[in-house]
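**Q** Position one of the sequence shown corresponds to residue 0 (numbering that gives the first Met the number 0), numbered consecutively onward.
Take the hints with a grain of salt, since some may be wrong.
Calculated pairs, DSS-like style, for lysine-lysine (alpha carbon to alpha carbon, straight line, at most 30 angstroms) [unchecked claim]:
#: 1; residue 1: 120; residue 2: 67
#: 2; residue 1: 340; residue 2: 278
#: 3; residue 1: 267; residue 2: 245
#: 4; residue 1: 17; residue 2: 82
#: 5; residue 1: 214; residue 2: 278
#: 6; residue 1: 267; residue 2: 82
#: 7; residue 1: 245; residue 2: 126
#: 8; residue 1: 17; residue 2: 3
#: 9; residue 1: 267; residue 2: 3
These are computed hints drawn from the structure, not numbers from a lab.
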Amino acid sequence: MTLKITPLNAAHRAMGAKMVDFGGWDMPVNYGSQIDEHHQVRNDAGMFDVCHMRVVDMKGDGVRTFLKYLLANNADKITLPGKALYSAMLRPDGGVIDDLIIYFMTEQWFRIVVNAGTADKDIAWMKQQAATYAPNLTITSRDDLAMVAVQGPNARAKVWQVLPQAQAATEGLQNFQAADCGEYYIARTGYTGEDGFEVMLPKENVEAFWYALNKAGVKPIGLGARDTLRLEAGMNLYGQDMDESKHPLESGMGWTVDLKSERDFIGKAALLAAPAANKLVGLVLLDRGVLRGHQQVHCAQGIGEITSGSFSPTLEQSIALARVPSGVQIGDQVQVSIRDKMLAAKVVKYPFARNGKSCL
């Protein structure tokens with residue numbers, strides 16, 4: 000199978016990246032030390048190639064009304080240009096098709112960023128639903144746009160150093176807000192638990208932008224550190240912590256589901272009909288070892304499973320997200336089956352770390 004490549008593929012190779020198959024994409028897993036890359040983002044600034052993510056523009060009369068039906072979160076929450084909202088798109092049975100971010104551009108235009116591995120499926124689902132409920136909408140995959148995330152305590156200052164013309168428009172942005180800066184659309188969002196920007200820009204300009212950031216002292220960061228950063232920040236990964244077989248209330252996504260408003264949305268009836276038997280919690284390993292996905296978690300209330308686990312460079316101990324019976328409480332001690340041994344772990348409230356510091 001021929002792997003898909005981003006416009007930064009040659010740059011990754013020139014910078015010495017170790018490349019891997021990531022869901023059919025040829026992507027950098029690291030450029031040397033994954034631990035160093037992790038600390039680089041927590042302590043300074045790092046940049047991520049997220050060009051494989053898909054930007055989708057949805058336009059037309061009634062686009063807000065359609066999104067209120069399509070998504071579990073309520074699009075009425077965003078009314079200011081550039082305001083962003085995190086949500087899930089659900090199947091009628093409540094399973095998570097994907098998690099995504101929507102941006103309010105105008106009343107006739109919302110922008111959506113979806114995951115790489117689910118992009119084609121997501122767009123097909125959007126178009127299928129729109130054909131019935133909003134046939135006049137246009138849904139366009141913006142394949143002309145690239146995306147780079149710059150994350151860390153010094154990330155915004157580094158972006159302004161490279162794009163001084165964007166500072167005035169982006170300096171006052173709050174979290175989950177974006178600004179249109181001509182050919183750059185800059186959002187104060189990210190997947191690391193650190194401050195920073197995600198920058199959408201024309202594909203033909205992204206390599207120059209990448210090298211300019213690097214010249215300003217921003218180091219490239221691979222998928223390995225991206226995973227430990229997002230896990231420490233308690234952020235879900237599609238296909239591990241949630242998928243079409245689980246509904247969002249079992250995946251730590253209850254805060255993204257608006258069941259209070261009267262509006263109907265795809266999957267609402269299923270969520271109301273079936274209380275969540277499980278929930279997502281954080282685990283910290285008390286014994287020596289490493290928590291990994293699919294390890295069994297033995298609780299007094301029954302057996303659960305780790306969805307994402309790793310060694311935390313910030314905390315210097317092993318952490319995990321785990322789906323466990325809903326009766327499990329913060330502070331409980333559980334046993335994790337690791338290589339035929341039962342090791343002790345403590346149930347904690349996540350996130351584990353944000354803004355460079357432990358949250359425990």
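**Q** Decide, hint by hint, whether the structure agrees.
**A** Hint by hint, here is what the structure shows:
no. : hint      : verdict
1   : 120 x 67  : 20 angstroms, holds
2   : 340 x 278 : 24 angstroms, holds
3   : 267 x 245 : 14 angstroms, holds
4   : 17 x 82   : 36 angstroms, violated
5   : 214 x 278 : 44 angstroms, violated
6   : 267 x 82  : 24 angstroms, holds
7   : 245 x 126 : 23 angstroms, holds
8   : 17 x 3    : 16 angstroms, holds
9   : 267 x 3   : 36 angstroms, violated
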